[in-house]
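Peer 1: All chains should be built: construct the whole structure from the sequences, respecting the hints.
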Amino acid sequence: MAYYTFLSFVIILYLYGYFHLVETRRTNDTEKYNQYQCFSTLSDKSDKFHTKLLRPLLIKRVSGTRGNAQVRQHIISTLQSTKIWNIEYDTFNSVTPDGIVKFTNIIATLNPTATHRLVLACHYDSKKLPHFIGATDSAVPCAILLDLVIYFKQQLAQRKQNNKYPTLQLIFFDGEEAVQHWSKTDSLYGSRHLATKMRNTNVQGQQDLNQIDAMNIFILLDLIGNKNLQFVNLFNRTTGKYYKKLQEIETQLLRSYDNTEHQQAIFSSKAYNYIIEDDHVPFLAYDVPILHLIAVPFPSTWHKLSDNEDNLDFQSINHFRNIMKLFLKKYLHIKKQFC
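Note that the sequence shown covers residues 1 to 339 in UniProt numbering.
To be clear, the hints were calculated from the coordinates, so they are not data collected in a lab. Please read these numbers as outputs of a predicted model, since none were measured by experiment. You may find that some hints are simply not true.
Derived DSSO-like pairs (lysine-lysine); straight-line CA-CA distance at most 27 angstroms [claimed, not checked]: (1) LYS227 x LYS245; (2) LYS241 x LYS336; (3) LYS336 x LYS160; (4) LYS241 x LYS335; (5) LYS329 x LYS241; (6) LYS330 x LYS241.
Peer 2: Structure representation (structure tokens):
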């Protein structure tokens, strides 16, 4: 009798554990699904992203000019307003086809002692063309990075001294654009200089780890903001798993959006084996894992006067912002309720 009583107890305990596990998974799945329900692609030009973050960037900002300095101060002021970033400036003079120009990269690191880092990057200068704004190239990408900073301000502040997870580092490059004609010496002024500097600079408190080797992944945003935006998997061998994670997040979002939004997928399943020259190239030379999020094909407004605010598609911009928020939450293990 004692044997059957014990057996019954074991069966009951097993069934309790099984149903508890099923219920826990159901709860987790519900919470996971609900977090996607919090997002929308709909907004108007009066929202804070547009008025406070993006609009100050939508001016001519050629390297070495007053407009460039004005935009740089906007980026710095936004970062400083959170009171959580260690901000550094990589300022240098370089010979260009138009003479000597002063460039300044902005590097914001949440925890400068962290030995593992997720890097998000963009370039804030604009091409030297009459009346050229460069809304997608790259005002919108820089505004998106600032948006993430503001959105996760509280959670990142709590994470600042935590070395358990990778820290977040933001880089705003100056001098991506060629002064005259793109070449190895007339382009990527900021990223070429900074990559070399970081390769020769150790992480704070580390004798045998330079800042390049601390980069787990380097995500570069460029040419984002036009309608029909499409990304392709450009580095499948090294960062393909992260690209696929972005695809998975997007699939869930598209299922959760209101039927009136009609948002198309922007992360295609195409994988190309070629390198588009951009600010990641000097870091790629040091074997940093790269995730290059750039419109492919390039938007029709590329390096034209039409690359301005009027031709931005805020639905696709907001969709991409949603994806990046969910990706950042997962990669950095951030605990945040979206709604």
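Peer 1: Decide, hint by hint, whether the structure agrees.
Peer 2: Here is how each hint holds up against the structure:
no., hint, in the structure
1, LYS227 x LYS245, "23 angstroms, holds"
2, LYS241 x LYS336, "23 angstroms, holds"
3, LYS336 x LYS160, "16 angstroms, holds"
4, LYS241 x LYS335, "22 angstroms, holds"
5, LYS329 x LYS241, "16 angstroms, holds"
6, LYS330 x LYS241, "13 angstroms, holds"
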